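Start from chain L and add chain D according to the hints.
There are 2 protein chains.
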Amino acid sequence: MSEMQDRHITEAFDRDLEAIQALIMKMGGMVEAAILDSAKALEERDEELARQVRENDKQIDRLEEQVNEECARVIALRGPVARDLRTILTVMKISANLERCGDYAKNLAKRTTVLVQMQPVDGSAKSIRRMAREVELMMKDALDAYIQRDAELAEDVRQRDAEVDQMYNALFREFLTHMMEDPRNITSCMHLHFIAKNIERMGDHVTAIAEQVIYLVTGVLPEDNRPKGDRTSFAAPGET
Amino acid sequence: MSEMQDRHITEAFDRDLEAIQALIMKMGGMVEAAILDSAKALEERDEELARQVRENDKQIDRLEEQVNEECARVIALRGPVARDLRTILTVMKISANLERCGDYAKNLAKRTTVLVQMQPVDGSAKSIRRMAREVELMMKDALDAYIQRDAELAEDVRQRDAEVDQMYNALFREFLTHMMEDPRNITSCMHLHFIAKNIERMGDHVTAIAEQVIYLVTGVLPEDNRPKGDRTSFAAPGET
Numbered sequence: 001m002s003e004m005q006d007r008h009i010t011e012a013f014d015r016d017l018e019a020i021q022a023l024i025m026k027m028g029g030m031v032e033a034a035i036l037d038s039a040k041a042l043e044e045r046d047e048e049l050a051r052q053v054r055e056n057d058k059q060i061d062r063l064e065e066q067v068n069e070e071c072a073r074v075i076a077l078r079g080p081v082a083r084d085l086r087t088i089l090t091v092m093k094i095s096a097n098l099e100r101c102g103d104y105a106k107n108l109a110k111r112t113t114v115l116v117q118m119q120p121v122d123g124s125a126k127s128i129r130r131m132a133r134e135v136e137l138m139m140k141d142a143l144d145a146y147i148q149r150d151a152e153l154a155e156d157v158r159q160r161d162a163e164v165d166q167m168y169n170a171l172f173r174e175f176l177t178h179m180m181e182d183p184r185n186i187t188s189c190m191h192l193h194f195i196a197k198n199i200e201r202m203g204d205h206v207t208a209i210a211e212q213v214i215y216l217v218t219g220v221l222p223e224d225n226r227p228k229g230d231r232t233s234f235a236a237p238g239e240t
Numbered sequence: 001m002s003e004m005q006d007r008h009i010t011e012a013f014d015r016d017l018e019a020i021q022a023l024i025m026k027m028g029g030m031v032e033a034a035i036l037d038s039a040k041a042l043e044e045r046d047e048e049l050a051r052q053v054r055e056n057d058k059q060i061d062r063l064e065e066q067v068n069e070e071c072a073r074v075i076a077l078r079g080p081v082a083r084d085l086r087t088i089l090t091v092m093k094i095s096a097n098l099e100r101c102g103d104y105a106k107n108l109a110k111r112t113t114v115l116v117q118m119q120p121v122d123g124s125a126k127s128i129r130r131m132a133r134e135v136e137l138m139m140k141d142a143l144d145a146y147i148q149r150d151a152e153l154a155e156d157v158r159q160r161d162a163e164v165d166q167m168y169n170a171l172f173r174e175f176l177t178h179m180m181e182d183p184r185n186i187t188s189c190m191h192l193h194f195i196a197k198n199i200e201r202m203g204d205h206v207t208a209i210a211e212q213v214i215y216l217v218t219g220v221l222p223e224d225n226r227p228k229g230d231r232t233s234f235a236a237p238g239e240t
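Protein sequence lines correspond, in order, to chains L and D. So in UniProt numbering, spot 72 of the first sequence is number 72, and the numbers just go up one at a time. So in UniProt numbering, spot 124 of the second sequence is number 124, and the numbers just go up one at a time.
Isolated chain L (complex conformation) (with noise of 0.2 Å):
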């Protein structure tokens, strides 16, 4: 091949990709606005927005299925290599953890549309939704380091995910004593916890998506060496 056609596969690449960035970006946007909404619409009892919430998904799941298929004609069009094939793979990855997230801030509105039935449990939306601002916090950082190609704020999000953790753990001892206070808070306690999990587990794939853009920054996965996480499963709150 000569140089001149390589340089216009090299061109046709990065504009390919660009268009294939501008999807991603786009999905974040909805996605983290999803999140921060869902966490309001519990919080201010707002089944209306709840419904926003879980009608918006539908267009994050069609940008995930776009971006798959731009990225599979990219890969059979290009044939790229090295350095483009990791970043083609990646951003497939990245877009498959923001569609999960999109569907935990939608199983959030329906809970919240559940969750208003109910008494409100004191004081529990108000520290959920500081956790899903966290989250939220840390997905606009994880997108930026992917676009800055920035693996120093990437593994800064990384490290916060054990804050986000923290607050569930925190959350979770907060509702099994709510429960045993009064059984009445029972039920709506256990979607409460569900939420919260939830929300600990966006943290999770925004960590997902960071340690991606280590990955395509520096060639090097990061060992799991941060702090973990969720501790509830090692010792009920309480006993430890």
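Worth flagging that the hints you see were computed from the coordinates, not collected in a lab. A portion of the hints provided could be inaccurate.
Copies of one chain are not kept apart here, so a pair can be met inside one copy or by any two copies together.
No more than 20 Å apart at the CA atoms, straight line, and that leaves these computed lysine to any residue pairs for SDA-like [what the hints assert, rightly or not]:
#1 Lys140 - Glu55
#2 Lys93 - Asp46
#3 Lys58 - Gln117
#4 Lys58 - Val220
#5 Lys126 - Asp150
#6 Lys40 - Arg173
#7 Lys58 - Leu77
#8 Lys140 - Asp122
#9 Lys26 - Lys93
#10 Lys93 - Thr218
#11 Lys93 - Leu221
#12 Lys93 - Leu176
#13 Lys58 - Glu99
#14 Lys26 - Thr87
#15 Lys93 - Ala208
#16 Lys93 - Tyr215
#17 Lys26 - His8
#18 Lys93 - Met118
#19 Lys140 - Glu43
#20 Lys93 - Arg73
#21 Lys58 - Asp204
#22 Lys93 - Glu65
#23 Lys58 - Leu221
#24 Lys126 - Glu163
Just so we're clear, the structure is a prediction, and the values are computed from it rather than from any experiment.
Positioned in the frame of chain L, the structure of chain D alone reads:
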């Protein structure tokens, strides 16, 4: 490119694909074992078996990495297009879904380590084990469907996920009842509930594998028209 060269590339691709499929089958076997063993460890309160499940998960994770690396290598080396490319991308998605199921089994095993310290909750571990068996059978069939390129069997797997969802809904009600009857059951029921939910999620991942098989064979990703699912987010059991 000459016809001869073409045929060589096709043969080389087929050989590569077979090697990757062998990895997927190995991974599938390990994940199936993890599902069954983790549920067995829970019912029989076998801490050593639970420890083994957690240990084995590292191997499953390594296999997923290996699949990803091999797929990237094959794409770079053989430049597959159309159906071949679709196959490779499908394989990557299947291995990601298998890895998630492995994670859920590991989580089940972790919670078992906590639960053996507590008073057992009547009959729950037995019901959970039945649910795990159902999911393991679905996974076996989903992987068979992949190897045989059998869209009909994959569709069958997809439909069976509704049964797993029903099992989960029944367990959710059971746990709520136990918690309301005796607050001393609350902590263990929270863990058991998580376990049940995680098995239900494994079912979703197996369904995703089945859908990938359908996509691979027919070129069309099935519409979301199967009977869904976890109804606990729509209405609290006992209140429907």
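Outcome of the hint check:
Taking CA atoms no more than 20 Å apart as the test, Lys140 paired with Glu55 passes in neither setting, with 22 Å inside one copy and 34 Å between copies. Proximity of Lys93 to Asp46 under the C-alpha cut-off of 20 Å is found in neither arrangement, the shortest distances being 33 Å within a copy and 36 Å between copies. For the homomeric pair Lys58 and Gln117, neither the shortest alpha-carbon distance inside one copy (25 Å) nor that between copies (43 Å) is at most 20 Å. For a Cα distance limit of 20 Å, the shortest separation of Lys58 from Val220 across copies, 18 Å, qualifies, whereas the shortest one inside one copy, 34 Å, does not.
For the homomeric pair Lys126 and Asp150, neither the shortest alpha-carbon distance inside one copy (32 Å) nor that between copies (49 Å) is at most 20 Å. For the identical chains of this complex, Lys40 and Arg173 are neighbours neither inside a copy (22 Å) nor across copies (28 Å), given an alpha-carbon limit of 20 Å. Proximity of Lys58 to Leu77 under the C-alpha cut-off of 20 Å is found in neither arrangement, the shortest distances being 28 Å within a copy and 36 Å between copies. Neither within a single protomer nor between protomers do Lys140 and Asp122 lie at most 20 Å apart by alpha-carbon distance, with minima of 30 Å and 46 Å respectively.
For the homomeric pair Lys26 and Lys93, the shortest alpha-carbon distance inside one copy (16 Å) is at most 20 Å, but the shortest distance between copies (23 Å) is not. With identical chains, the CA atoms of Lys93 and Thr218 are at most 20 Å apart within one copy only, with a shortest distance of 17 Å there and 24 Å across copies. For a Cα distance limit of 20 Å, the shortest separation of Lys93 from Leu221 qualifies both inside one copy, at 13 Å, and across copies, at 19 Å. When the C-alpha separation of Lys93 and Leu176 is checked against a cutoff of 20 Å, the pair qualifies neither within a copy, at 36 Å, nor between copies, at 37 Å.
Proximity of Lys58 to Glu99 under the C-alpha cut-off of 20 Å is restricted to the intra-copy arrangement: shortest distance 10 Å within a copy versus 25 Å between copies. When the C-alpha separation of Lys26 and Thr87 is checked against a cutoff of 20 Å, the pair qualifies only within one copy, where the shortest distance is 18 Å, while the shortest distance between copies is 28 Å. In this assembly of identical chains, Lys93 and Ala208 lie within 20 Å of each other by CA distance both inside one copy and across copies; the values are 9 Å within and 16 Å between. Taking the closest pair of Cα atoms, Lys93 and Tyr215 come within 20 Å of each other both inside a single copy (12 Å) and across two copies (19 Å).
In the homo-oligomer, the alpha carbons of Lys26 and His8 never lie at most 20 Å apart, since the shortest distance is 27 Å inside one protomer and 42 Å across protomers. Taking CA atoms no more than 20 Å apart as the test, Lys93 paired with Met118 passes in neither setting, with 38 Å inside one copy and 39 Å between copies. In this homomeric assembly, Lys140 and Glu43 never come within 20 Å of each other (Cα to Cα): the closest approach is 22 Å inside a single copy and 43 Å across copies. With identical chains, the CA atoms of Lys93 and Arg73 are at most 20 Å apart both within one copy (16 Å) and between copies (17 Å).
Proximity of Lys58 to Asp204 under the C-alpha cut-off of 20 Å is restricted to the inter-copy arrangement: shortest distance 18 Å between copies versus 22 Å within a copy. For the identical chains of this complex, Lys93 and Glu65 are neighbours both inside a copy (12 Å) and across copies (13 Å), given an alpha-carbon limit of 20 Å. Taking the shortest alpha-carbon separations for Lys58 and Leu221, only the inter-copy value of 15 Å comes in at or below 20 Å, while the best intra-copy value is 31 Å. Within a single copy, Lys126 and Glu163 get their C-alpha atoms as close as 16 Å, which meets the 20 Å cut-off; across copies the closest is 36 Å, which misses it.
In terms of the numbered hints stated before, the structure departs from hints 1, 2, 3, 5, 6, 7, 8, 12, 17, 18 and 19, listed from lowest to highest.
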